[in-house]
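Sequences and hints are given; from them, build the entire structure.
These protein sequence lines are chains A, B and C, in that order. Add 490 to a position in the first sequence, counting from 1, and you land on the number used in this note's numbering. Add 490 to a position in the second sequence, counting from 1, and you land on the number used in this note's numbering. Add 490 to a position in the third sequence, counting from 1, and you land on the number used in this note's numbering.
Think of the hints as simulated: they come from the structure by calculation, not from any bench. There could be a bad hint or two in this list.
One copy or any two copies: either way a pair holds, since identical chains are not told apart in the list.
Unchecked claim - As a list, the in silico DMTMM-like pairs of lysine to aspartate or glutamate whose alpha-carbon atoms are at most 25 Å apart:
1. Lys-674 x Asp-603
2. Lys-688 x Glu-600
3. Lys-688 x Asp-736
4. Lys-495 x Asp-753
5. Lys-498 x Glu-576
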Amino acid sequence: MNNEKLAKILDDVRATVPLVHCITNYVTVNDCANALLAIGASPIMSDEPEDVADITSICGGLDLNIGTLNKRSIEGMRVAGARAGELGHPILLDPVGAGASALRTATAAEILDTMPVTVVRGNMSEIKAVAGAAANTRGVDANPDDAVTDENLAASAAFARELAERQGCVVAITGAIDLIADAKRAYAVRNGVAAMGKITGTGCMLSAIMPAFLVAGDDALEAAVAAVCAMGLAGELAAARMGEKDGNGSLRTYLLDALYNMDGATLAAGAKFEQVL
Amino acid sequence: MNNEKLAKILDDVRATVPLVHCITNYVTVNDCANALLAIGASPIMSDEPEDVADITSICGGLDLNIGTLNKRSIEGMRVAGARAGELGHPILLDPVGAGASALRTATAAEILDTMPVTVVRGNMSEIKAVAGAAANTRGVDANPDDAVTDENLAASAAFARELAERQGCVVAITGAIDLIADAKRAYAVRNGVAAMGKITGTGCMLSAIMPAFLVAGDDALEAAVAAVCAMGLAGELAAARMGEKDGNGSLRTYLLDALYNMDGATLAAGAKFEQVL
Amino acid sequence: MNNEKLAKILDDVRATVPLVHCITNYVTVNDCANALLAIGASPIMSDEPEDVADITSICGGLDLNIGTLNKRSIEGMRVAGARAGELGHPILLDPVGAGASALRTATAAEILDTMPVTVVRGNMSEIKAVAGAAANTRGVDANPDDAVTDENLAASAAFARELAERQGCVVAITGAIDLIADAKRAYAVRNGVAAMGKITGTGCMLSAIMPAFLVAGDDALEAAVAAVCAMGLAGELAAARMGEKDGNGSLRTYLLDALYNMDGATLAAGAKFEQVL
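Next up, the structure:
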């Protein structure tokens with residue numbers, strides 16, 4: 491994998507306009523839709539069990555995000571996931587708040603165990619909860635004790651790779667340093683800025699656009715790395731644009747703008763990733 | 491109909507502050523509320539079947555948007571539509587994704603057939619699906635094959651007028667060229683810019699503000715044309731404001747700003763419409 | 491109470507990062523989450539009855555906002571409120587649209603009567619409806635006849651104090667002049683600008699951040715005044731930043747930015763409050 495490969499995946503997203511079915515929380519759903527439009531894909535949201543099979547059928551990928559889950563939307567996820575599985579569509583699982591409630595932990599585990607999930611993406615606390623490891627989720631944010639650092643990078647990468655092997659999917663753990671692993675390899679991404687954590691939904695937006703990269707790419711790990719680099723780089727460009735009076739309101743707008751203006755060449759020039767394992 | 495008439499309708503919206511009850515999707519609902527406030531109207535959202543009759547009763551118009559529909563909200567639409575019909579309130583139907591799922595197509599058809607809908611507004615693929623014509627909806631976007639062009643303008647206008655006559659309502663088909671027809675007349679509107687399609691919900695916002703124009707105006711066709719021109723013109727003004735680093739995040743903000751600052755004189759000067767039939 | 495005390499409460503919010511569980515409407519929920527992040531707190535949204543007890547348990551405060559209520563979310567409020575009561579967490583009730591429908595009025599009254607609500611915050615029409623007084627709610631906006639003015643300030647404050655005493659909670663009535671009362675004292679706040687009413691959800695945002703102030707402060711009345719002053723001052727700063735082409739789209743962004751950049755010193759310098767009773 492090299493920067494040019496990441497560039498090609500983004501350019502292919504823009505060339506092919508993948509349609510992504512999102513069952514996602516109502517907190518950040520508007521930003522998820524605009525993020526998909528910004529990177530050249532197309533969103534459609536539907537969570538009613540009687541509606542989702544038809545919607546998934548006309549899409550290319552599926553985003554399952556369990557923030558603000560309810561019994562109806564969980565059933566919608568089951569139906570949509572089954573249909574996406576039949577059609578061989580990539581499925582992204584975002585286990586928002588796994589570890590924070592029994593329902594969220596159980597729902598994330600059920601999805602991972604019963605559907606052919608392509609990528610599971612969350613913060614380290616959520617991923618630990620999904621993995622059945624000891625976790626201490628702090629709401630929808632990672633517990634600081636769970637942060638990936640240069641000191642624990644190799645061990646964290648090994649954890650991600652092991653989970654990827656066990657579940658047969660790519661594992662993407664995002665934070666100050668992002669880790670993306672499949673059963674064989676693990677990459678660290680160092681794009682992004684801390685201020686992104688002051689906008690609600692940067693993780694949800696990443697999860698929404700990632701299926702578009704998975705549809706456009708031919709390797710799930712590479713596509714996931716491309717999406718993580720693109721979102722992180724957009725955050726850097728957005729933060730660099732902030733003026734004295736700007737805060738998370740403007741940063742959110744600039745983040746979408748940066749995604750909107752990002753092409754393959756920009757991504758190739760700005761992506762910061764390295765193979766860890 | 492002339493530009494001054496459109497200006498008067500907008501000025502009357504601002505003078506009378508119509509209260510619009512929206513049962514709309516959770517993706518773009520915030521922008522719908524802010525768009526209503528921007529043009530001088532007032533929004534209230536409610537979809538619970540036990541709540542909607544009371545809410546509709548204190549409003550002047552009703553917006554029924556079937557994006558992210560579910561069984562509860564469909565029942566809410568039935569109750570609200572029945573009450574709005576009793577009260578003689580204008581009802582706007584936005585058949586988001588009709589043609590993309592059986593549930594959406596059936597729900598849109600049910601609303602159109604059982605309620606006194608004043609205007610149905612959608613893209614050509616959605617309107618074709620609602621009309622029972624052959625349609626090939628691409629998610630929530632129109633199929634490019636369905637685009638209204640100068641070449642098929644007369645035929646498209648005849649289709650819209652025929653549907654309007656059959657259903658007893660105004661038909662508004664939006665796209666690069668917009669078509670608005672009742673049983674007797676059809677108008678084309680040439681306001682708007684392509685970049686509006688890169689913001690989620692410009693169609694939903696138009697559907698949300700249109701009932702305010704219908705309440706303020708005395709002719710549904712004219713009110714619909716005024717709303718379509720206002721939204722398209724706002725998109726032009728917003729796009730003209732974009733700087734080098736701006737994208738769909740900023741465009742969305744500028745769009746609301748343009749609606750906020752639009753008065754009748756601005757609309758009269760910028761509206762581009764012509765009678766086709 | 492003095493300005494330095496308000497400053498300390500805000501600084502304590504930023505120092506302690508209270509986690510606030512919001513069961514709130516889907517119209518303005520994204521702005522509520524970003525407002526909480528902007529003032530240094532952390533949001534988590536959940537309304538599913540089977541999810542909310544766990545979520546409330548890891549939080550410090552609870553925001554119950556009945557806009558777009560439905561039967562499921564009402565049940566979620568019951569379960570979350572009971573759990574918050576067991577844990578002694580501050581509970582904020584925002585009776586959006588009370589008086590506009592029987593369901594909303596009854597739900598607000600039930601919450602106030604059955605849960606240990608710390609603060610009820612609404613416009614005068616909503617608070618009158620909750621109090622069982624004659625009210626004539628105009629959708630989600632206050633009826634102009636209900637405005638608090640210098641002429642009726644003492645009488646309005648007495649009404650607020652009486653309700654506070656009867657219900658055993660703080661009563662915050664927001665409008666051009668805000669009134670905040672407990673059983674003994676009543677304060678008027680004169681921060682804020684009229685243009686805030688052109689953004690959907692400024693009231694909801696205030697209700698979302700107030701629990702963070704209640705968690706950080708040691709006196710509910712003072713914490714409520716601090717939150718009301720902070721939101722009003724942010725509105726003033728945002729409005730002062732508006733350019734010629736800006737409207738409610740930009741104002742909304744600037745409002746979040748102003749909250750993001752507000753520290754205790756800014757609040758102490760800008761807060762405008764006085765004791766009425």
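Going down the list of hints, with the structure as the test:
no.	hint	verdict
1	Lys-674 x Asp-603	within (20 Å within a copy, 57 Å between copies)
2	Lys-688 x Glu-600	neither (30 Å within a copy, 35 Å between copies)
3	Lys-688 x Asp-736	both (12 Å within a copy, 21 Å between copies)
4	Lys-495 x Asp-753	within (13 Å within a copy, 45 Å between copies)
5	Lys-498 x Glu-576	neither (28 Å within a copy, 55 Å between copies)
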